[in-house]
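Chains W and L: place on chain C using the hints.
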Amino acid sequence: MGSLMLGCVTNFFTYETTKSVVVKSWSVGIINRLVQLLIIIYFVGWVFIHEKAYQVTDTGIESSVMTKVKGFGYHNDRVMDVADYVFPQQGADIFCIMTKLIVTENQFQGKCEEFGEKFSCTTDKDCHKHFGNILANGVITGVCIQPSNNTKNGQCEIEGWCPAENDDQAKIRPMIDVNNFTIFIKNSIRFPLFNVTRGNFPTTMTATEIRSCTYHPETHPFCPIFRVGDVLNYTGQNVDALASQGGEIGINIEWKCNLDLDIDYCVPKYSFTRLDAPFAKNAISKGYNFRFAKYFKTENGTDFRTLHKAFAIRFDVMVTGNAGKFNTIPTLINLVAAFTSVGLGTVLCDIILLNFLKGAEQYKAKKFEEVSEAQIEASLAQSPGSQLSLKPCIKSSYDSGAISLATSY
Amino acid sequence: MGSLMLGCVTNFFTYETTKSVVVKSWSVGIINRLVQLLIIIYFVGWVFIHEKAYQVTDTGIESSVMTKVKGFGYHNDRVMDVADYVFPQQGADIFCIMTKLIVTENQFQGKCEEFGEKFSCTTDKDCHKHFGNILANGVITGVCIQPSNNTKNGQCEIEGWCPAENDDQAKIRPMIDVNNFTIFIKNSIRFPLFNVTRGNFPTTMTATEIRSCTYHPETHPFCPIFRVGDVLNYTGQNVDALASQGGEIGINIEWKCNLDLDIDYCVPKYSFTRLDAPFAKNAISKGYNFRFAKYFKTENGTDFRTLHKAFAIRFDVMVTGNAGKFNTIPTLINLVAAFTSVGLGTVLCDIILLNFLKGAEQYKAKKFEEVSEAQIEASLAQSPGSQLSLKPCIKSSYDSGAISLATSY
Amino acid sequence: MGSLMLGCVTNFFTYETTKSVVVKSWSVGIINRLVQLLIIIYFVGWVFIHEKAYQVTDTGIESSVMTKVKGFGYHNDRVMDVADYVFPQQGADIFCIMTKLIVTENQFQGKCEEFGEKFSCTTDKDCHKHFGNILANGVITGVCIQPSNNTKNGQCEIEGWCPAENDDQAKIRPMIDVNNFTIFIKNSIRFPLFNVTRGNFPTTMTATEIRSCTYHPETHPFCPIFRVGDVLNYTGQNVDALASQGGEIGINIEWKCNLDLDIDYCVPKYSFTRLDAPFAKNAISKGYNFRFAKYFKTENGTDFRTLHKAFAIRFDVMVTGNAGKFNTIPTLINLVAAFTSVGLGTVLCDIILLNFLKGAEQYKAKKFEEVSEAQIEASLAQSPGSQLSLKPCIKSSYDSGAISLATSY
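Protein chains in written order, with this note's numbering: chain C, 882 to 1290; chain W, 882 to 1290; chain L, 882 to 1290.
Bound conformation, chain C alone:
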């Protein structure tokens, strides 16, 4: 029994290596090496160097954006400052600069006539079809208010804030001065996987440098102050149309960081897009506008409000990015894939060697050793007892199956 144990241990500490046929043929040899070379070039050049398959990537970028707009504009003969035209005021990543306001002053709760051709009427019945219309300025009561002079059509009555907003009123000049406004963007990001924190302008920039610069893709790529006119230019937009109809502009800050290099190379890249571009072909909801109201009280306590329909340029500061850093797991998996792929050359060479080369049959005979059931049975008939000789070590044979897989790699 002791010697059997020893036999098993001896069997375990053996080394299995595949038996190889070395074909000394220039044609197959060169093809073999060429294919291997191509595969190696592909892996080194593309997979490792270009696609950085040796890195693990953090895509869960954490970002905080602070914005501040500066500038003055004239609208309706009044000077508008930041507190007037920016909404929301706290300097978030999404903010609007209002460029045109349709103001309806002194609205009180009550009943009055709706504006617009669509709501003209001659009898109450004409108004009933508008019941529940959500495009009116209030709840349709179903009454047709006749004009005092009776010369033209009446208008349907609404209940709500009166007088109703009339947005067909004489053209209001938008605030074109928006062109000269500046946006200051402070963006700090973090890659939680690598615990790396970065800001969107270099720590070496002094306050004076920052205050006096304006972003330019080539000359000042890291200046955090953006002229609105420039931003609109980069997106190919016409400031007149945008200021008058409103629009949505995306300011994208992209962080692509290779943390295997010095951290100073981890810098933002800005790009600018018109966000409503996918809807350019639909005629609906061109531009961007919203309504808000300022509320007042009369001396005797009655509420009234001033309604504003604001056409605005909305800026969305969107931060995206990822960071890569060397990591053993993807490196190993890709290395193994690379090594394994190098072996794919063998498939091609085997096909050539065994089929198309002069003497293919001879190569086949050398490569393949045949053993058929018939042979085995014949040899078994001659020596029936030999089979049991190694039985106690059956586990080592199972192992040998697994090893043959392993060692054949």
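In case anyone wonders, no lab produced these hints; they're calculated from the structure. Be careful, since some hints might not be right.
Simulated restraints on C-beta separations [to be verified]: (1) Asn1139/L x His1097/C: 42 to 50 Å; (2) Lys933/W x Pro1083/L: 50 to 58 Å; (3) Asn1139/L x Glu1099/C: 45 to 53 Å; (4) Ile921/C x Leu887/L: 42 to 50 Å; (5) Phe1075/W x Glu1251/L: 22 to 30 Å; (6) His1097/C x Gln1027/L: 35 to 43 Å; (7) Gly1110/L x His1097/C: 40 to 48 Å.
Only pairs whose alpha carbons sit at most 30 Å apart, straight line, appear in this in silico DSS-like list of lysine-lysine [said to hold, decoys possible]: (8) Lys905/C x Lys1247/L; (9) Lys1006/L x Lys992/L; (10) Lys951/L x Lys1178/W.
If we take Cβ atoms under 7 Å as the criterion, some of the chain L residues that face chain W in the derived model are [unchecked claim]: (11) Met886; (12) Leu887; (13) Thr1084; (14) Ile1210; (15) Ile1214.
Every residue gets a Cβ at the ideal spot worked out from N, C-alpha and C, and that includes glycine.
Just chains W and L, lined up with the frame of chain C:
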């Protein structure tokens, strides 16, 4: 020396292929092919077709959401419009529709009595325990204000905006009309990795089509206008409870794009959830409410305000998604894994062949060629000089180790 | 023809396994097993157990955050409550607590003098250089307003809201009470890939428990109520500086969920950072402030406003996280990589065996069987006819190339 060089070059341009044993046995042959077939089916069907392992995926979706609510509701006998009940007004991805307002008018800075049983008192001492209480409506002064008629208990005094809010006051009917409000959602997304931009409704949809449609999962899956009542229905919510207590509804827009297909198949999928569902079991903070104030000035310049406790339905438009596109790297890695896995069949077959088949010992003898240290030493004793014959080409031998790995794949 | 078919079928159902050389050498055997053991330990311990390479990961966490601040503070001898100092009021993931307000009351549209040394002048010419200056409080008109008593310099005139804001005015005491304010955070998240929804506090927590607790990293790690003073402490900030200059604080909620375990282990982890830390070295824009205005109307309908320059502590609740769950694809790919890597030991052992071991030449002779073109040609000359014998089954030979790849794995 020249001939040695030539020898090395000749050695390099050789082709090594594994020597194989071909077992002509139906049983092992069929098992071998069956296992290979199963592995191939698994890889082709599951890994490649179902899981699209040949694609690289962009999960860093960039999204911009614009929303617009329309509709009129009655609250407290007044007509409320968008400017009254939506907050914030600029049409962001997170917005609230206020459905119930507890209004406390004409608050001035000063001292007054707090409301509620909890703050009732008979002496000042009763109020001292409330010092620093942040659930009161102001700073507890520690004074107990006795009621004028002295028949019931007094109330603790607070300093702050007076009179204090009394949210136990007679039930206010919530604005149930919210059911008929509509939400228009404009969502444009971008997959930065592939630079693909999409909007949430087809460019072929005309303005009239959009204005007249209402989203329905089956009949109008791409209509961007959502009736609030429908949305609440989809989440299984009761509008009465929600309008009265407030709540948080998630509108999820999911983009799952296979960019190997036509871009027109890259469309959004909407789903609706109640976001505070994970907290349903906790009794705290059911619903959703917040406080805001409108500020006024009296004629003589004193500030006063109207405090609103707003119960609101908050909608979070959340955009998620990813896009996949064919890429050589994952394809290659998975192909190699597939090919390699096919070889796993050999492990099983080897175990069967070498252990359980009739004539296993004979197969073993065919597959394995043994060479022991003893043999080698014996042969070395006979011809001690032969070992040096190839020494100058030792590098080619090192190489041969690596090649044996490579070619054995 | 029928027998040829049968031949091909028989050829197909054969089993090819590599012929191996078993080296019974203790030295190589032990090295072989040691290398294999190291590789296995690496894969099991690091790749599988530590890095969880058997899981698929969902990084596209969906999150909804609701916040509520409570507390009272004194500012300018007035009590401020939530409606006064929180902006925006709806309880979003980004909110500001205003701690210092520079209030400029009763601003009317008009012309008046700018404040500050920088805008002092003696003649109109001195003011012309300021044309277009966006750091003034209005549009520079180019006029120099002489002081009434003529003893000191004049100031440049601006057009806009008058009087201009004077932020150099006597120090205003910030609202230090902010220290005792509490922030309640309700965060519900979802991993769309696995459709798992979680809330940031356990469902077993009762309303009373929640109301009475305060977050503490060790004693109450799941309490959703945060004392502002504590949060500032965790980030190492001085409350006085922050309340006076403003600042940005990040509250990070990190979800790292192993969904192979019980869902109850999927809990949030809070951390706190000062977000403007990357800009600490730049002297610009220290702190955080923004301007907003409250609008009023005089009896006769003239608009006027109160401008506020608000220094605020901004809190960004940022939710990040990922969830992993067992999945066959990464498991398989990594298993195959592991198995394949085990075979890498062969490279090392082959190099030792074939170069450095005593009897290397003999091992080489055993491992490699040489076949050169010369030999093949010689044997072809002897039996030129034999080559055609198997031609009809050429496809099976092609197949054999592929199989030799497959089976050699």
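Each hint, compared with the structure:
1. The beta-carbon spacing between asparagine 1139/L and histidine 1097/C, approximately 48 Å, falls within the hinted interval of 42 to 50 Å.
2. Here the CB-CB span from lysine 933/W to proline 1083/L is close to 38 Å, at odds with the stated 50 to 58 Å.
3. Distance hint check for asparagine 1139/L and glutamate 1099/C: the Cβ-Cβ separation is about 48 Å, which falls inside the suggested range of 45 to 53 Å.
4. With their beta carbons about 43 Å apart, isoleucine 921/C and leucine 887/L fall inside the hinted range of 42 to 50 Å.
5. Taking the beta carbon of each, phenylalanine 1075/W and glutamate 1251/L are about 52 Å apart, not inside 22 to 30 Å as hinted.
6. For histidine 1097/C and glutamine 1027/L, the Cβ-Cβ distance of about 41 Å falls inside the hinted range of 35 to 43 Å, so the restraint holds.
7. The hinted range of 40 to 48 Å is satisfied by glycine 1110/L and histidine 1097/C, whose Cβ atoms lie roughly 44 Å apart.
8. Restraint check for lysine 905/C and lysine 1247/L: satisfied, since their Cα atoms lie roughly 17 Å apart, inside the 30 Å limit.
9. Restraint check: the Cα-Cα separation between lysine 1006/L and lysine 992/L comes to about 18 Å, which is no more than 30 Å; the hinted pair holds.
10. This hinted pair checks out: lysine 951/L and lysine 1178/W have alpha carbons roughly 26 Å apart, not beyond 30 Å.
11. For methionine 886/L, the suggested interface contact is broken, since its CB lies about 16 Å from the closest CB of chain W, more than 7 Å.
12. Given the 7 Å rule on beta carbons, the hint for leucine 887/L is violated: about 12 Å separates it from the nearest Cβ of chain W.
13. At its closest, the beta carbon of threonine 1084/L sits 4 Å from a beta carbon of chain W; the interface hint therefore holds under the 7 Å criterion.
14. Restraint check, isoleucine 1210/L versus chain W: the minimum CB separation of about 6 Å is within 7 Å; hint holds.
15. At its closest, the beta carbon of isoleucine 1214/L sits 5 Å from a beta carbon of chain W; the interface hint therefore holds under the 7 Å criterion.
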